[in-house]
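Asker: Just so you know, the protein sequences line up as chains H and R, in that order. Heads up: the first sequence begins at 1 in our numbering, then just goes up one per residue. Heads up: the second sequence begins at 792 in our numbering, then just goes up one per residue.
Hint data in this document are derived by calculation from the structure and do not stem from the laboratory. Possibly wrong hints are sitting among the right ones.
Listed next, the in silico SDA-like pairs over lysine to any residue satisfying Cα-Cα at most 25 Å (straight line) [claimed, not checked]: (1) H:602 / H:692; (2) H:602 / R:911; (3) H:599 / R:820; (4) H:602 / R:821; (5) H:599 / R:822; (6) H:599 / R:910; (7) H:240 / H:197; (8) H:599 / R:821; (9) H:602 / R:822; (10) H:602 / R:907; (11) H:602 / R:910; (12) H:599 / R:907.
Across the chosen pairs, the derived CB separations fall in these ranges [stated by the list, open to error]: (13) H:470 / R:861: 56 to 66 Å; (14) H:562 / R:837: 24 to 34 Å; (15) R:857 / H:587: 31 to 41 Å; (16) R:857 / H:665: 49 to 59 Å; (17) R:893 / H:601: 36 to 46 Å; (18) R:886 / H:655: 34 to 44 Å; (19) H:570 / R:857: 16 to 26 Å; (20) H:665 / R:869: 41 to 51 Å; (21) H:653 / R:886: 31 to 41 Å.
Stretch-level coverage of chain R by chain H, calculated; a stretch enters the list once three of its residues show a Cβ under 8 Å from a Cβ in chain H [claimed, not checked]: (22) 811-824; (23) 886-894; (24) 904-918.
By construction, the Cβ of each residue, glycine as well, lies at the ideal position given by its N, Cα and C atoms.
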Amino acid sequence: VTHVIAAHFDVFDGADYGPRLRFEYERRAVSLGHAFPWGMHGPSSTQCAAMPGLRLCVAVFGAPRDAGSLAMAVTFDDDGLADLAGASAAMLQSLSARWRARLQAGHLGGRDPAQCQELVARLDLAADVLARGAKGATPAARPASVRPAEASQTPTEERFRLLVDSVQDYAIFMLDAGGHVASWNVGAERLKGYRADEILGRHFSAFYSADDIARGHPDMELRVAMRDGRFAEEGWRIRKDGSRFWASVVITAMRDAAGGVTGFAKVTRDLTERRRAEDAVRLREEQLATTLQSIGDAVIATNESGHVTMMNPVAEALTGWTRANALGRPLEEVFEIVNEDTRARAQNPVARVLREGVVLGLANHTALIARDGTARPIADSAAPIRAATGEITGVVLVFRDQTADRAAERVLRENEQRLATTLHSIGDAVIATDATGRVALMNPVAEALTGWSQGEALGRRLADVFDIVNEETRAPAKSPVDRVLREGTVVGLANHTALIARGGTARPIADSAAPIRALDGSVSGVVLVFRDQSQERAAETERLRLAHAQEAVRMRDEFLSIAAHELRTPITALQLQLDSLAQTARAAGTSADSPLARKAEKAQQQSVRLTTLVDTLLDLSRITAGRFEIAREELDLASLVAGAVENLRAEAANMGCTIRLEAPVPVRGFWDAMRLEQITTNLLSNALKFGRGHPIDVRVGVAGNRARLTVDDGGIGIPPHDLDRIFGRFERGASPNHYGGLGLGLYLTRAYVEAHGGTIRADNKPGQGATFEVDLPLSPPSTVPTGGPAP
Amino acid sequence: MTPPHAHDRAVLIVEDDPDILDVLAQVLEDNRYHPICAVHGRAALEVLRRGGPTPRLILLDLMMPEMSGVQFRAIQQADPSIAKIPVLLITADPCAENVARTLGAAGWLRKPVRLDALLTAIEGALAPPAPSSLPAP
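With the hints as constraints, model all of the structure from the sequences given.
Answerer: Right under this line is the structure:
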C-alpha cells in the first residue's frame, strides 16, 4: 500500500507547522528504519530518491507571494505512516478553516483575497489527498503511474492531476520515452512561457541553450535517468522568450510493470531568485568581511560559548594576538581588561551578554592589557549576536584605543585648569552668565568689587549682583548683558557708570560685555569684564589739575613775553625823547651841570633801569619757555669784563666799593658778548648790593680748557642753607625789605652761563663775603661758525 | 628851516608806531637830517617811487602791518633804482644781528635805542666807505 503523507507547511500567519510535522516524520520514519536527514523544508528530491520506497509525487502549493508557503506530499510505501498522513490532513483542514474564517472576517493582513481564496482551495485539496492516503486508499498514483490526464482516471487520480495542474511554482510535466513533451501544467507554462498547445509534442531540448544541445546535454540527462532511475541538477534553462533562468531539474524515469521506460516525469523549479539571493548573501558576506577588516574599531566575535570566532586587524593590533592564534580561545584570554586606575581585573562583558542578552558598554577607565603587557585605555561595547530565531549565538565586541582621546581629555582638562587659574588671577573682574543672564561664574576680583561671593551669586540675576548706576545722576544704568543676549554683539558700558557694591560702596568702573557663543554659533551666555576706575579717575583728576597749572604757567610766561615786548615800544620812544632832551639841554646850557641837564640825565638813568627790567622779563619768559638763544662771536673775555668794570666804577665808588680787576692776559672764546656783559654786570651788581663798603675782587683767567671769571665780595656772605637755592627763580639770599629787586639776577645769570655750556657756583669765603665762580668753555660745545647764529 | 643841502641828508624812517616815528623824526631833524616818514613797507615803497628826493638812508622797523620790513627789503633789493640805499634796522627782535646779516643791512639798532648809538650808526652808514663792523646797540 502506498501512503501519501504531507510534509511541510509554512503558512501566512506566521505559525510554523513544519517543525512539528517534521519531528513526527522523523520519529515515525526512524522507528520504521528510515533515515530522514532533511531540513526544515522537507526532503530534497535527491534525498527522496535515496530512500527506498519513498517517492516524491506532489510538490508545492501555496500563495506565490509568500515565500516558504510550501507543502509537500510524499508517497510512502509503508503502512506505518498512514496515521501520520491523517494527522497531516487534519492540520491542513484546520488551516483551511482558519483562513476561511479570516476571509469571511476580512482579516487578511493586506493580502489579496483572491490568492487567499486559492490557498484555501489548495489546502482543502491537499487535505483531501492526505485523508485518502491515511485511510489506506490509493490517494495518488505512484509516480510510475502518473500519466497525462485521461478520461479513465479514478476520481483520486483526477484530483491528483488537478493538483499537479494547478501547481504554479513548479513546472511538472511528462516526457515520452523519446523526450517529447507529453503533459504540461500551469507551473510549466508560467516558468517556461509556453502554452500547452505550443509545447506538447515538442522535444524537451527546447528548454536548453544551443551550447547544451550541441554537447548533447538533454540526451545525457535522459540516459542518466534511464540508467539510475533519476537525474537531478541545477543549471541554466531557456524560456520561450529566450531569457535564461537558473533551474532545479529532476527527471524521473517512469517504467511499466515490465521495467521498460515508458517516459519521464520532469519537475523543474526556477531558482533564479534563490541564486540571486545567494549571490547577494555572498556579496554581503564579502562586504561584511571587508568592512570588518577595514573598520577603524577593533572587532572580536565569539560563539555562544564565548570563544573567539573572528577578529579584525585592529583587534589584532590592540590585543597583540594574531587572528590565527586567537581563534577558538576563550575571549578572556585574548581580551584581558583591567581597571585603568586600580589595575584590578575588570569583569569581562561577554559572559553577561551571553547570559542576559543585553548590550553592554564597558565601564569607564577600562584598560586592555595586550599580549605583550602593554596597557591601553579603551572604550568598548558588547552586543549579542542573535540568530533569526532570536537565540543568542555569540557576542560581538567592538572596542577602540582611547589613548589619544585620553590625551585630548587631559589637554582639555589642563586648558580648563589654566583658564580657571587665569580667571582667578586676572586683574580685571570677570562675571559670566548663562543664556538667561544668570550668574554662572565670577572671579575673586569680581567678588571683591561687587561684594558678592561666587557661591552666593551663582544662579542670581546679574542685575542683583552687578548693580550699576550713572555716576553723576545715580539713576540705574542699563545692564549691557540684556543687549548682548538680544543682539549678540560686544557692548561697552556707557561712560560714567558706577558699580554699587553689596555694602553700598559706589565705584566708577569701565567695562565691556561680550557674547559667549556655543559651537553652533548661538549665544550661550555673556562674559562681563570690568575694572575699578577709582584710581584712574583720581589720576585723571590729578593730570587735569597739572595740565591746568602748566597752562597757567605757560599763559603767565606768554603774558610776560607780550608785556615785555609791548613795553619796549613806549620805552623806546621815551628813551629817545629823554636823550633828545638831554642833548637839547646840553646844547642850550653852557655847563653839563645845569639843573636841566642833570634832571634829564636822572630821567635817562631811570629809563635805562626800566629797559633793563623789561629785558629781564623778556629773558625770563624766553628761558622758562625754553626759547632762549645766544649769538656767539669771537671775543676777549678779559677786555669785555674790563669794560663792564669801568661802566660800574662810578656806581661802585658811590657805594664805597673799590673794584680790583686781575685780568693779565686776553682770554678768547666764542661767546655772546651781550650776555657775558650781563653776567659780569649782574655779578658785580650783586657784589655791590651785598658788599657795600667792601672791596670787590674780579679775576679773569683760564682753568684747563675753560675760561674762569671770579667775583669776590666782602659782604654778608650767603647763609649756608641758601647756597643751593640762590640761583633759583625769585630767590634771595637776604630779605627783600633791605635788598630790593626781582630776585632774578642770579637766576638769569645762571641761565646765561648755562646757555653757553658753562657752570656757575657760589660759596662763602673763609673770612668774610661770598665768591662766585663762572666757568665757560673756550670753544663752543659743537662747531659753530664764527659769529653765526646760536643753535 | 631845511638846510639847502637837505636832500643830501634825507633819511626815510619806516616805523609803524607813531610815537617812535614821531620822536625819531624829531631827533633826526634836531641833528640836521631830513626825515621822511612811512608807516609801513608799502608806504615806504610809495615814497621811494614817487620821485621826491632820494633818501640817503632807510631806518627800517621789522614788524609792521601791511608790509613787513623783511618784505620791503626784498622788494627794495630787487628794484635797481632804490636797491643801493643803505638800510639800518631798528628792531625789538633779539636776533637783530642775524636778521641784519640776512637782509644785508648796513647796521642794526635794538630797541630801545639810545640817541648816541642812533646818530653814530647813521653816520657810520652814510660815511663812505661802508663800515666793516656793525655798531653795538
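Asker: Please go over all the hints and tell whether each is borne out by the structure.
Answerer: We went through each hint and held it up to the structure:
Restraint check for residue 602 of chain H and residue 692 of chain H: satisfied, since their Cα atoms lie roughly 22 Å apart, inside the 25 Å limit. Only pairs whose Cα atoms come within 25 Å are accepted, and residue 602 of chain H paired with residue 911 of chain R is accepted, the gap being roughly 23 Å. Between the alpha carbons of residue 599 of chain H and residue 820 of chain R the distance comes to roughly 23 Å, so the proposed pair stays at or under 25 Å and holds. Restraint check: the Cα-Cα separation between residue 602 of chain H and residue 821 of chain R comes to about 22 Å, which is no more than 25 Å; the hinted pair holds.
For the given pair, residue 599 of chain H sits about 22 Å from residue 822 of chain R by alpha-carbon distance, which is consistent with the 25 Å threshold. Between residue 599 of chain H and residue 910 of chain R the alpha-carbon distance is near 22 Å, which keeps this suggested pair within the 25 Å criterion. For the hint pairing residue 240 of chain H with residue 197 of chain H, the CA-to-CA distance comes to about 13 Å; that is within 25 Å, so the pair holds. Distance check on the hinted pair: residue 599 of chain H and residue 821 of chain R sit about 20 Å apart at the alpha-carbon level, within 25 Å; holds.
The hinted pair formed by residue 602 of chain H and residue 822 of chain R meets the criterion: a straight-line CA distance of about 23 Å does not exceed 25 Å. A hinted pair counts as satisfied when its Cα atoms are at most 25 Å apart, and residue 602 of chain H with residue 907 of chain R qualifies at roughly 17 Å. Annotation: proposed proximity of residue 602 of chain H to residue 910 of chain R holds, straight-line Cα distance about 21 Å (limit 25 Å). Restraint check for residue 599 of chain H and residue 907 of chain R: satisfied, since their Cα atoms lie roughly 18 Å apart, inside the 25 Å limit.
At roughly 58 Å, the beta carbons of residue 470 of chain H and residue 861 of chain R sit within the given window of 56 to 66 Å. For residue 562 of chain H paired with residue 837 of chain R, a C-beta distance near 31 Å keeps the hint of 24 to 34 Å intact. The hinted range of 31 to 41 Å is satisfied by residue 857 of chain R and residue 587 of chain H, whose Cβ atoms lie roughly 37 Å apart. Distance hint for residue 857 of chain R and residue 665 of chain H: a CB-CB separation of about 53 Å, consistent with the stated range 49 to 59 Å.
Residue 893 of chain R and residue 601 of chain H have their C-beta atoms about 37 Å apart, which keeps the hinted 36 to 46 Å range intact. For residue 886 of chain R and residue 655 of chain H, the Cβ-Cβ distance of about 35 Å falls inside the hinted range of 34 to 44 Å, so the restraint holds. Between residue 570 of chain H and residue 857 of chain R the beta carbon distance is about 22 Å. The supplied range of 16 to 26 Å therefore holds. One distance hint, 41 to 51 Å for the beta-carbon pair residue 665 of chain H and residue 869 of chain R, holds here, with the actual separation near 49 Å.
Separated by about 36 Å at the C-beta atoms, residue 653 of chain H and residue 886 of chain R satisfy the suggested range of 31 to 41 Å. For the stretch 811-824 of chain R, the proposed coverage by chain H is satisfied: 7 residues have a C-beta within less than 8 Å of a C-beta in that chain, meeting the threshold of three. Coverage of the stretch 886-894 of chain R by chain H holds [criterion: at least 3 residues with CB-CB distance below 8 Å; count 3]. Check on the stretch 904-918 of chain R: 5 of its residues sit with their Cβ under 8 Å from a Cβ of chain H, so the three-residue criterion for coverage holds.
Violated hints for the displayed structure: none, as all numbered hints are satisfied.
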